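Join the two chains, each given in its own frame, into one complex according to the hints.
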Amino acid sequence: MVKRGRVAIVGPENVKDILVPEFLRRFSTVVFFTPGNIKLSVEKTISVTSGKFNLAHFDYILLLPESSEKEFYYILARILEKKTKVSIPSDSLLDFWNRPILLNKLSGVAPIRKTASVSQHVAADFIKNEFKLPVILTTPGGKRVYVSNEETLRNVLSLFSAGHMVSVHKPIKKAEVYVTFISERDVIGYYRIGDKRVHVNLDSKLAEIGQNIRTTLGADFCSALFVKIGKKYYLSNVKLLPKFEIFKKVLGKDLASVMAEEASRKIAPFDIANVFDNVFKGIGGIINRFAGWMDHEVSNTRSSK
Amino acid sequence: MKLAILGPLSRNYEEIRLLEEATKYFDGVSYFPIPQVVVELEGEEFKISHKNKNLLDYDVILPRMPRSYKTFGTTLLHFLSKAGKPLPIEPWAVTASHNKFLTLTLLREAGIPVPGTHLALKRAVLEDVLESMPYPVVLKLLYGSMGVGVMFADSKQSAVSIIDAMQRFNEPVIVERFVPPGNEDIRAYVIGGKVVASMKRVAKEDERRANIGMGGEGHVYELTAEEKHLALKSAKIVGTKICGVDIMPGPEGPVVIETNVNAQFKGIEKATKKNIAGNILKFLSGV
Numbered sequence: 364m365v366k367r368g369r370v371a372i373v374g375p376e377n378v379k380d381i382l383v384p385e386f387l388r389r390f391s392t393v394v395f396f397t398p399g400n401i402k403l404s405v406e407k408t409i410s411v412t413s414g415k416f417n418l419a420h421f422d423y424i425l426l427l428p429e430s431s432e433k434e435f436y437y438i439l440a441r442i443l444e445k446k447t448k449v450s451i452p453s454d455s456l457l458d459f460w461n462r463p464i465l466l467n468k469l470s471g472v473a474p475i476r477k478t479a480s481v482s483q484h485v486a487a488d489f490i491k492n493e494f495k496l497p498v499i500l501t502t503p504g505g506k507r508v509y510v511s512n513e514e515t516l517r518n519v520l521s522l523f524s525a526g527h528m529v530s531v532h533k534p535i536k537k538a539e540v541y542v543t544f545i546s547e548r549d550v551i552g553y554y555r556i557g558d559k560r561v562h563v564n565l566d567s568k569l570a571e572i573g574q575n576i577r578t579t580l581g582a583d584f585c586s587a588l589f590v591k592i593g594k595k596y597y598l599s600n601v602k603l604l605p606k607f608e609i610f611k612k613v614l615g616k617d618l619a620s621v622m623a624e625e626a627s628r629k630i631a632p633f634d635i636a637n638v639f640d641n642v643f644k645g646i647g648g649i650i651n652r653f654a655g656w657m658d659h660e661v662s663n664t665r666s667s668k
Numbered sequence: 032m033k034l035a036i037l038g039p040l041s042r043n044y045e046e047i048r049l050l051e052e053a054t055k056y057f058d059g060v061s062y063f064p065i066p067q068v069v070v071e072l073e074g075e076e077f078k079i080s081h082k083n084k085n086l087l088d089y090d091v092i093l094p095r096m097p098r099s100y101k102t103f104g105t106t107l108l109h110f111l112s113k114a115g116k117p118l119p120i121e122p123w124a125v126t127a128s129h130n131k132f133l134t135l136t137l138l139r140e141a142g143i144p145v146p147g148t149h150l151a152l153k154r155a156v157l158e159d160v161l162e163s164m165p166y167p168v169v170l171k172l173l174y175g176s177m178g179v180g181v182m183f184a185d186s187k188q189s190a191v192s193i194i195d196a197m198q199r200f201n202e203p204v205i206v207e208r209f210v211p212p213g214n215e216d217i218r219a220y221v222i223g224g225k226v227v228a229s230m231k232r233v234a235k236e237d238e239r240r241a242n243i244g245m246g247g248e249g250h251v252y253e254l255t256a257e258e259k260h261l262a263l264k265s266a267k268i269v270g271t272k273i274c275g276v277d278i279m280p281g282p283e284g285p286v287v288i289e290t291n292v293n294a295q296f297k298g299i300e301k302a303t304k305k306n307i308a309g310n311i312l313k314f315l316s317g318v
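If you're matching them up, the sequences are chains R and P in order.
Counting in our numbering, the first sequence runs from 364 upward without gaps.
Counting in our numbering, the second sequence runs from 32 upward without gaps.
Chain P on its own, in the form it takes in the complex (with noise of 0.2 angstroms):
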């Protein structure tokens, strides 16, 4: 069987673990940059090509989807799917993962537990909001990863200024209810609907943000029946087979945060000595 990741123009630690992990489940193995795919449309035949190579040709794909690639990621995904190949990550869940606020819905309308969270455009809409959430609040663009775009409100005050700086980006604005203890969370790697792997994440001295990327330390960590329930489900509501998830220990009982369609894994492996990249390529294989 033939490989195709697709994935960013420079390789991260996680393309080059996958790439060095590959050839014990492919037969073959091809890097695709996805800026420099092309996709082309003609009535209801299409193509889809780096260079001379047509990524039809390939038996499986594994999409490696930063969010700056979304829209256009998730018109590759579209199409590949259309033409019958397997992915792991159904094309939607390329969107509903990097959008902070439809993750949230989708995890709640399924009864998952999240932190109550509110979405709007302008910061006069979240005035009812800012008088009532107890403090401090978490507030974040729609859209970030690994930390960036969020940030914490002591008060009010606080809040309405973090508030009218962020609307510079011209971006949604979410404010999110803090969930205890705030500087340490749970990050469950999903493959396959197996949890392989699972963390606790402690946010370094003066930083409330636990993420690896961050300077948060990972700790190798056992999930509870709970814990590994709620990984499972939302990695499936999602509509990801490979997934990273993160919790958060609550005081009522832990609350998923947030979904990673393109969870990075160079932590995790560190922490729990693991071999996610691994674990990756013998699920896409069918092992």
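Excised from the complex, chain R in its bound form (with noise of 0.2 angstroms):
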């Protein structure tokens, strides 16, 4: 296989391991980063750094970003999405933690159950008469919490100050939950109950609303579960990092090697067809790629002596 091509990987420190050697295969430079290691800066020009990386000289860039560092990860991509390829568009990261936000942009392509956003406790009251007890909430973190009466609901509420947002929505007995990995070529998933996993062939209908979410999002990638009530399959959220060790186990099926696979392709050969695309950009594209070749060539010069 010809390797080509240069992947920056941006995510947690317990991913690299599982990403960084699939991705080797395919790719002549694969780095990664923690959001921990990377500097932001606008001074004359806007630039995304570590060390002496500059982001914007990769070819592409994988990005798995975690709720805790979301704004980081969407002034990221949002920089470099002028610069190069990301995996997934700023505008998409901006809505993805906002759960009603992405939960109505998605119900276009997906079904949505019945939700409510709340911010503070005294919607304890609406709460209680409108879904009635017991109800799920969604904690601002992403954590969920079944609530039963009303005593509990008020404290959870009341953890959270004024503003933070906590969505609603009524559980389901015996859930049948699907957990499916969607790439532009394929999904696959597994289905659980309880804390059984078992691998299942997903139906057409299911695969062409995973695709559809995830062509919505304008993701490379994206994994989505699902909550199937009778012959029906409800949206119940979307993550940008898949679980890589439950689908091995599930599905032996190794996602890392999936995303490689995909994110090849993303990158265009260096053919006559991209030098006319960079001179109808202006000169300015073609100096800024030789630029950050150069440099790539020389810090490796420098780095192998």
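Think of the hints as simulated: they come from the structure by calculation, not from any bench.
Among the hints, a few may not be true.
[As the list claims (entries may be wrong)] So the derived label-pair ranges between C-beta atoms look like this:
1. R:Tyr509 - P:Glu76: 20 to 28 angstroms
2. R:Thr515 - P:Ser192: 26 to 34 angstroms
3. P:Lys82 - R:Asn575: 32 to 40 angstroms
4. P:Arg42 - R:Val508: 30 to 38 angstroms
5. R:Lys477 - P:Gln188: 38 to 46 angstroms
6. P:Ser186 - R:Ser430: 49 to 57 angstroms
7. R:Val508 - P:Asn43: 26 to 34 angstroms
[Said to hold, decoys possible] Non-contacting residues of chain P with respect to chain R, defined by C-beta distances greater than 12 angstroms in every case (computed):
8. Ser61
9. Ser80
10. His81
11. Thr106
12. Pro144
13. Lys235
14. Gly317
As the structure is a prediction and not an experimental result, all values here were calculated from the model.
We put the beta carbon where it would ideally sit given N, CA and C, even for glycine.
Now the structure itself:
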């Protein structure tokens, strides 16, 4: 296999050893960054750097964000998407951790259950009257709390100061949950009930919904959770950081390999069409690419001495 | 026309002034504390309500969104915008304006002069910046308002200790180039594409932050043509028609240091004797 292109992966440390080896099979250079190693700068130019690396000089940036640094990833994506290919557009990241906005954005392509968003304990009466207990509360950090009595409801809501958003929906008895991973070419998943996880062949309808979710977000990859009620699948959540180990264990599928393969298709070969594309975008495009290539090659030469 | 003001639980000077002036321009006005509003979704349908009132029944919405309501406020504005309600603030502008680094990124992209600024989650990543920047430097938390969370370091050692303390908040840290003279700045209040008032804010003795909330004093000030241009362009870039724009008159020309989508106006009304509340409502009513 001819290796080409340079990939930067930005994510939590615990996925580095899962992803880097697979990406190195396909790309000439793969560098893993945690958000803590990155500096964003606004001076005469705007840049994203880490040590000697300028992330704009990579051909593809795979972002695997966690909610704890959501706005940092958003700024990162926003800066880099103007300079290179990024695995998810920044405007999708902006909406991503805002649950009602995300669900509403996807409601055109996936069924959504009745959900409320509230931001203070005074909303307890609304929840009690409109939803009836028990309910599931999803906290700003994404934790789900099963609430079956009013005292617990008020106590949980009062943990969050006014302005922090809590989502509410009804729990489902014996919920059948489908956890999927969606890439451009495939939708795979398993079925979860309680602690049990089972490999399933997803039906075409669910696969179609999954692809529609991915394309609506403009993401190269995502993981979507569905709850089946009767014959209908309802979208429950979408994540950008899949559970690699679980997919490998249940499906025997190496998601890192899937992602690397897909990412390799995102990088166009260096050919005449690519050159003309840069010309039409302006001489600056060629100069930036050449400067980036030179910077990379000089760095490699130095580090090899 | 009916006006809905979305604001904090406890009404401040600004919300009280707006309610006072509102009846001159609107047939009806209601105040909705943001934390008590509920958003309900079912499929593609949605409702936004406060007790028995439906916010979608109002013609004009005026959001007053403090930083602490940023996320929920963005949600409310998103759905109000989707329902076709004209808003003086784009939904994304609430997030952008309350994120100091993002604001500077947007402004710089548009060619607006801003102080050299760096953002990182860990101090170690900022070592080269702390080594090379001239002192003093300005250190900020990513989110802060009214001068809270803004600190000055006169040396690298001082900067390192301050950043180490700031990291206990688990927020990214901003290191910004200091723009002299440092103890004064300009606040321009932009409404509907016009600067309706401007003042120079001077920090009190032994203080470098000129914010009124930090004890700064406001004095009426006439913007230069360049400062006016920067203020108007900045408000447009950050997606809001009602905005406080803070400008430092630096030695190499003015630089924009901040935009404020929830700008207070008590200080500027006092300093300039201009009726900011009335101007806001006049703009929203379309008169």
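We went through each hint and held it up to the structure:
no.: 1; hint: R:Tyr509 - P:Glu76: 20 to 28 angstroms; verdict: 26 angstroms, holds
no.: 2; hint: R:Thr515 - P:Ser192: 26 to 34 angstroms; verdict: 43 angstroms, violated
no.: 3; hint: P:Lys82 - R:Asn575: 32 to 40 angstroms; verdict: 37 angstroms, holds
no.: 4; hint: P:Arg42 - R:Val508: 30 to 38 angstroms; verdict: 32 angstroms, holds
no.: 5; hint: R:Lys477 - P:Gln188: 38 to 46 angstroms; verdict: 57 angstroms, violated
no.: 6; hint: P:Ser186 - R:Ser430: 49 to 57 angstroms; verdict: 36 angstroms, violated
no.: 7; hint: R:Val508 - P:Asn43: 26 to 34 angstroms; verdict: 33 angstroms, holds
no.: 8; hint: Ser61; verdict: 17 angstroms, holds
no.: 9; hint: Ser80; verdict: 8 angstroms, violated
no.: 10; hint: His81; verdict: 10 angstroms, violated
no.: 11; hint: Thr106; verdict: 5 angstroms, violated
no.: 12; hint: Pro144; verdict: 10 angstroms, violated
no.: 13; hint: Lys235; verdict: 30 angstroms, holds
no.: 14; hint: Gly317; verdict: 28 angstroms, holds
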